[in-house]
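Numbered by my numbering, the letters in the sequence shown go through residues 85 to 153 in order.
What the hints contain is simulated information worked out from the structure, not anything from laboratory work. Remember, predicted model here, so these are calculated numbers, not experimental data. Glycine is no exception: its CB is placed at the ideal position from the N, C-alpha and C atoms. Hints are not guaranteed to be accurate.
[What the hints assert, rightly or not] Label pairs and their in silico Cβ distance ranges:
no.: 1; residue 1: F152; residue 2: A105; range: 40 to 48 Å
no.: 2; residue 1: E89; residue 2: L122; range: 40 to 48 Å
no.: 3; residue 1: G123; residue 2: L88; range: 36 to 44 Å
no.: 4; residue 1: D93; residue 2: L133; range: 18 to 26 Å
no.: 5; residue 1: T109; residue 2: Y144; range: 18 to 26 Å
no.: 6; residue 1: I98; residue 2: L133; range: 19 to 27 Å
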Amino acid sequence: MGFLEAFMDREIIIRAIRVSAVIGTLLVAINQGDLILLGLWPPLWKVLLTYGVPFGVSSYSATQHKRFS
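Work out the full structure: start from the sequences and follow the hints.
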């Protein structure tokens, strides 16, 4: 099974979105919480990247597990 075929599995994508929502929110609170509490908003790219990293890690690891197990 190829990487893209495994990556496009619906379960992998849904699980990665869930992980990203939880972990990304925690990371935004930790890293940008002081700005948000002051009523200031961090740059959008920082917030998107904060959610994107857990999505990428989760989906990559699940895809590799599916391919090689």
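Evaluated hints:
1. In this structure, F152 and A105 break the distance hint of 40 to 48 Å, their C-beta atoms being roughly 27 Å apart.
2. Between E89 and L122 the beta carbons are some 46 Å apart, a value that agrees with the proposed interval 40 to 48 Å.
3. Range check, G123 to L88: Cβ separation about 43 Å, and the 36 to 44 Å hint holds.
4. In this structure the supplied range 18 to 26 Å holds for D93 paired with L133, their Cβ-Cβ distance being about 24 Å.
5. Between T109 and Y144, the C-beta spacing of about 20 Å keeps the proposed range 18 to 26 Å intact.
6. At about 21 Å, the beta-carbon gap between I98 and L133 stays in the expected band of 19 to 27 Å.
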